[in-house]
Structure formats: structure tokens, C-alpha cells
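Undergrad: The listed protein sequences correspond, in order, to chains P and E.
Each residue of the first sequence is one higher than the one before, counting from 1 in this note's numbering.
Each residue of the second sequence is one higher than the one before, counting from 514 in this note's numbering.
Just so you know, not all the hints are guaranteed correct.
[Unchecked claim] Taking lysine-lysine pairs in the DSSO-like style, the calculated list, with each CA pair at most 30 Å apart, reads:
{"hint": "1", "chain 1": "P", "residue 1": "LYS47", "chain 2": "E", "residue 2": "LYS663"}
{"hint": "2", "chain 1": "E", "residue 1": "LYS589", "chain 2": "E", "residue 2": "LYS520"}
{"hint": "3", "chain 1": "E", "residue 1": "LYS663", "chain 2": "P", "residue 2": "LYS285"}
{"hint": "4", "chain 1": "P", "residue 1": "LYS95", "chain 2": "P", "residue 2": "LYS69"}
{"hint": "5", "chain 1": "P", "residue 1": "LYS445", "chain 2": "E", "residue 2": "LYS520"}
If you're looking for bench data, these hints aren't it; they were derived computationally from the structure.
The primary structure of each chain is shown beneath.
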Amino acid sequence: MRALIDVAMSKPTLIYVPADSAALALGADALVEAIAAEARRLGKPIKIVRTGSRGMHWLEPLVEIATKKGRIGYGPVGVADVGGLFVADWLGGGKHALCIGQVEEHPFLRRQDRWTFARCGIVDPLSWSDFIEHGGGRGLAWARANGAAATLAAVTASGLRGRGGAGFPAGIKWRTVHDTSADIKYVVCNADEGDSGTFADRMLMEGDPLALLEGMAICALAVGARKGFIYIRSEYPRAITVLEGALVLAKQQGLLSECEIELRIGAGAYVCGEETALLESLEGKRGQVRAKPPLPAHRGLFGKPTVVNNVLTLATVPAILTRGAEAYAALGSGKSRGTIPIQLAGNVRHAGLYEVPFGISLRELIDDVGAGTASGRPVRAVQVGGPLGAYFPCDLFDTAIDYEAFAAREGLVGHGGVVVFDDSVDMSRQARFAMEFCAAESCGKCTPCRVGSVRGMEVIDKIVSGRDVDENLVLLEDLCNTLRLGSLCALGGFVPFPVLSAVRHFPQDFRRS
Amino acid sequence: MSWDKEKAALIIEAHRHLDGPALPVLRALHEAFGYLPEEATLQVAEALNLSRAEIHGVISFYHDFRREPAGRTRLKLCRAEACQAMGSDALADEVSQKLAVGWHGTTRDGRVTLEPVFCLGLCSVAPAALVGTELVGRADWPRLQQALAKCEH
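Taking the hints into account, I'd like the entire structure generated from these sequences.
TA: Spelled out as C-alpha cells, the structure:
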């Protein structure tokens with residue numbers, strides 16, 4: 001992927017074009033061909049570098065030109081714009097309707113505090129020199145110099161909690177694996193990012209995969225593991241390709257001398273994002289949830305002590321060791337320390353990735369950062385935390401992004417996805433979908449989830465058709481309690497969040513007839 | 514491609530050294546043949562020294578695995594919430610009507626198989642689709658048609 005196209009020999013202008021899936025889905029590859037062809041025709045020497053995305057997805061494909069004034073951005077650029085951009089002297093940072101000025105100065109980026117995503121969108125993800133120039137490798141060097149005990153202490157002191165959704169303190173999990181004696185231990189990266197509205201893992205793996213591999217190497221060193229697996233979903237073909245390249249590069253450069261890392265691809269099962277189902281899947285079985293205890297930290301993959309962490313948890317560790325655990329812990333609110341990469345999605349004007357300290361309110365995210373809906377209609381609801389997250393109405397938008405603040409309002413921060421809906425949404429339909437999704441994706445092991453989700457759809461259908469509405473609403477609530485208390489894992493256990501929040505906050509949608 | 518026992522044996526052999534080889538083996542076979550017929554269950558079970566029931570259980574658990582060949586291009590439309598917020602349900606109805614197929618169905622000419630997918634990680638450029646290997650953001654019927662045409666070249 002490095003330095004794809006050289007058009008002439010003399011001092012080429014560097015042009016950065018993302019090869020992130022979001023940019024590719026909006027025509028970035030065709031754009032690169034058009035830029036190269038036009039430069040060739042005009043005899044302008046250019047060199048195109050493919051990067052990850054900055055996270056300003058409404059501007060994708062966002063093209064950046066290296067000028068004396070820094071990287072100047074143009075976006076969203078279509079193939080039809082290319083001729084005019086050359087005429088406007090974009091290679092010299094010339095004025096044009098699509099010009100957004102210096103990219104680093106854009107308010108969307110300036111207001112962020114990027115730790116996990118510091119390099120994403122800036123570097124060529126498969127360039128070792130870019131990685132090193134932008135601080136890569138320093139976290140692992142710190143861990144190698146200071147040893148396992150100091151690394152465990154730093155991760156604990158940073159307050160880092162699992163970014164997959166459960167928010168379990170990473171330091172405690174790592175220490176448990178470290179303290180459990182066994183001949184073999186494993187580090188498993190959960191890259192089965194199946195929640196709708198989330199794409200941070202994908203962006204990180206496509207834009208800065210070496211950060212993840214460095215984090216896994218640090219974890220292996222800290223807990224005494226020699227083998228790691230990345231379990232990535234098959235729905236992420238681009239991320240798989242980039243990771244394959246990154247693994248070869250990391251091995252060549254000695255980033256993985258502590259542990260060997262293998263990439264494993266899922267086969268389309270949402271429940272495999274649940275850590276014990278993921279382990280079953282890695283062992284080659286149906287992705288069925290295991291009862292806990294034993295915890296994976298004691299008996300995980302192939303019965304051995306295993307750290308299972310989300311992509312973002314692992315990828316943040318190098319930055320924590322480099323910039324200091326105290327500095328990370330100083331950010332955030334309450335017990336949610338550090339930063340969270342928030343993903344703004346669905347019906348929102350400025351959709352994308354926004355990494356800030358915990359504590360930002362939903363209102364600021366949706367109104368200021370997101371600039372309202374894409375459709376221009378009023379916002380009616382947001383769903384935070386994926387398909388198992390609660391729907392919040394506008395009058396709860398003062399809720400801060402903080403694990404405990406969301407829990408207090410019967411919601412989830414989850415993996416940090418915020419999906420915005422405008423006033424055309426029918427919340428009874430969303431509640432039914434939550435049950436339908438649970439039924440389709442249930443692993444089938446426990447009865448509340450396997451059967452309860454199907455019964456849930458039926459009850460909601462009755463309510464929507466106006467049959468014994470009051471009685472059926474009571475029944476639905478009762479069913480949700482059974483799911484919540486009786487399910488083995490978060491799939492059945494959390495599906496009451498979207499269902500009951502929809503009923504509670506949008507009762508009129510359930511009493512139409 | 515129809516099932517080829519010798520080719521399948523080579524693929525199985527290339528992956529059987531892995532820890533927990535069943536899923537990588539089945540994925541590789543699925544990629545090569547486009548589906549996993551009953552012969553696959555038998556052959557994989559025998560090669561990995563597992564029961565037919567175990568391999569059948571694995572194949573039937575995962576949505577990616579097909580038991581019969583798909584059309585020439587697989588069109589996966591995202592049905593999850595972020596895409597719903599941008600009108601994916603209406604788009605799905607339109608696509609289904611234009612292609613005259615339902616979910617998991619293949620067009621009469623064998624060109625396209627329409628499949629649901631729950632999230633492609635393109636929630637910021639919804640509605641999203643994957644047409645063959647081509648990602649499509651802000652999908653509508655004309656853009657999907659373009660992507661389909663591109664896949665056939």
C-alpha cells in the first residue's frame with residue numbers, strides 16, 4: 001500500500017488519500033486513479049500515500065495535500081472535482097469550494113484529545129518509518145526496559161477499562177492472568193466489532209494496526225503469554241487485509257519477539273463478540289457462550305489463562321506507557337478514566353469518530369459535534385452502545401458519556417457508538433427489531449434468550465396491532481426481567497435495554513391503534 | 514464450482530496444523546467452493562477426527578456458510594440500526610423488488626444473491642452495502658447497480 005503512484009521524478013507533492021473502508025465506500029479508489037491520471041496529463045509530479053481516516057466521514061473522501069503551511073484538506077472530493085482542483089492549484093494549497101484549510105486546525109479535530117487514534121489518518125498504516133516517527137514502539141520499549149511488574153502497575157494506575165463494552169479494569173484482568181500459573185497463556189484480541197453504530201475498531205485496524213500489535217506485545221510481556229490471536233469478523237475485509245500486512249511488517253521489525261500473533265477470521269456470528277463464545281469459536285466450535293466462572297483469566301482458550309481485550313483497550317496501552325499512566329488517569333469523569341473514541345453514526349450530519357475524555361454530554365455530541373441530523377429533521381432518539389443499548393429521548397441528552405452515569409439511567413456506554421434517529425422513527429419497530437436481532441443471533445444455549453426473544457417479537461406484534469395492550473405491556477416487562485436475570489450472557493441479558501427504554505420513553509408509539 | 518475431493522483435501526491439509534483448525538478449514542473451503550455441501554461435512558469430520566454432528570453443528574451455526582452455491586455476485590445489504598436510521602428498510606424493499614428476490618434468494622439468471630448483513634462498520638456513511646468485494650456507502654439503487662455492473666467485469 002505504500003507510496004502507490006509516482007508520476008514524475010522531481011520533488012513530487014505528497015497527496016494523502018484515505019484507504020479506510022468509509023472512504024473506499026465513497027469512491028476513494030476511483031478518485032486516486034483520477035488524480036494520478038490528471039497529474040500525469042498536466043505533468044505535475046505527485047506521490048499518493050494511502051492513509052487511514054481522520055474520522056470526519058462527512059468529508060470523505062478527504063484528500064490532504066502536503067504544503068508549506070501543513071496538510072491542507074479538500075473534501076468530499078469526487079472524481080468530477082479533480083480537474084477543477086488542479087486548476088485551483090490545490091497542489092499549492094489553493095482556494096477551492098471544497099477546501100477545509102489546515103486539517104489539524106479543523107474544529108472537529110482540534111476539540112479532540114487523541115490517545116488511541118493519535119496516528120490514525122495521518123500515517124501510512126503499513127509504513128514502519130511513519131510508525132516510528134509518530135511515536136510508535138515507545139510503549140513496548142518502556143515495557144521491555146521496566147519489566148512486567150511495572151507495566152502491570154502502569155496499566156492499573158491509568159484506570160483503563162475494557163473498551164469492548166463491559167468496562168472491566170484492564171489492569172485487574174492482566175494481573176489475574178499474570179498471577180495464574182500455567183505452562184501456556186494467551187492474549188486474545190476481540191476484534192469482532194458487531195455492534196451497529198460502532199466502527200472504531202475497524203478504523204484503528206485499518207489506520208494504525210501496528211498500535212494494536214504493539215499493545216498485544218506489551219500485554220503478552222506483562223502477563224507472560226507467548227501466543228496471541230486476533231479474532232476479527234469476516235464483515236471487515238479491508239481491516240483483514242491491512243492487518244495481514246501489519247503482521248508481516250511487525251514480525252520483520254521485531255515488534256513481536258515476545259509473542260507470536262495469529263489472525264483468525266469469524267464467520268458471521270454476532271454472539272462471537274461475547275468473550276467466551278469467541279473462545280469457543282477460536283477452538284473451532286459453535287460460538288456458544290460458556291458459563292462463568294471459570295473466568296477466561298483463569299481458564300480461557302484451550303483451558304489456559306487468557307486475556308481477552310477489545311482492540312481499543314489493547315491499542316491504547318502503548319500511548320499510556322509512552323505519555324504516562326497519570327496523565328491518562330487525569331482525564332475523564334468519575335470512575336471512567338481517560339479518553340473514549342465515540343462513534344457518531346446513523347442520521348447525523350457530521351458522522352465520524354470523535355475521541356475525547358469521558359464526561360462529554362450527549363447533547364454536546366449530537367448538537368455541536370454532530371451538527372444535528374443528516375435529514376435536517378428534528379432528532380427524536382439516540383441509541384448508545386449498539387443493538388443492546390438503550391434508546392434515549394432528547395430530555396435525557398444531559399447524560400454524560402460515563403459508564404456509571406449511563407448505568408444510572410438504565411443505559412449502556414458499551415463500545416461508544418451513538419446512533420441518531422430523526423422524528424420519522426417508529427420506536428415500536430425499533431423495539432421489535434431488538435428482539436428479532438436477539439432471536440437471529442442467539443447462540444441457543446440458554447432458554448431465556450433463545451425462546452424469550454421469539455416470544456418478545458410476538459408480544460410486541462400484539463401490542464402494535466392493538467391487542468390487549470395493557471396486559472401485553474405488563475407481559476413484555478415481565479419477559480424482559482426474565483431475559484435480564486436469567487440469560488447466560490449480555491445478548492439476552494441486555495436486550496431489555498433497547499426494548500424497555502423504547503416503551504418507557506416513547507409510550508405513544510406502542511399505543512397507536 | 515462443484516465439490517472436488519482432491520482439491521478439498523489439499524485445502525484441509527494446509528490448515529490442519531492450526532490450533533482449533535475447524536473454522537479456518539471450513540472458511541478456506543467455503544472461499545474456494547462458494548458453499549459447503551454434505552460431502553464437506555463428511556470429509557472435514559474424517560480429516561479432523563471429529564464427528565459429523567460436530568462439523569454439521571459448526572457449519573449450521575455461522576451465517577457466512579452456505580449449503581448450496583450462491584449467485585455470481587453476493588449483494589449484502591446492512592439491516593442494522595444505524596442504516597435503518599438512514600432508510601435501509603425502504604432501500605431493502607426497493608432492491609428486493611428490482612431484483613425480484615427475497616432475503617437469501619438468488620435471481621433467476623443466477624447473477625445476484627441478496628443477503629442481509631448486520632453491520633459493515635460503515636454506520637457513518639449509511640445505508641451500507643457490500644457488493645461482491647466492493648463497499649458501497651450512502652447506498653441507493655443506482656449506486657448498487659453500478660457496483661453490480663463493476664463486479665461483472
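Undergrad: Decide, hint by hint, whether the structure agrees.
TA: Outcome of the hint check:
no.	hint	result
1	P:LYS47 x E:LYS663	holds, 27 Å
2	E:LYS589 x E:LYS520	holds, 28 Å
3	E:LYS663 x P:LYS285	violated, 37 Å
4	P:LYS95 x P:LYS69	holds, 13 Å
5	P:LYS445 x E:LYS520	violated, 35 Å
Hint violations for this structure: numbers 3, 5, all remaining hints satisfied.
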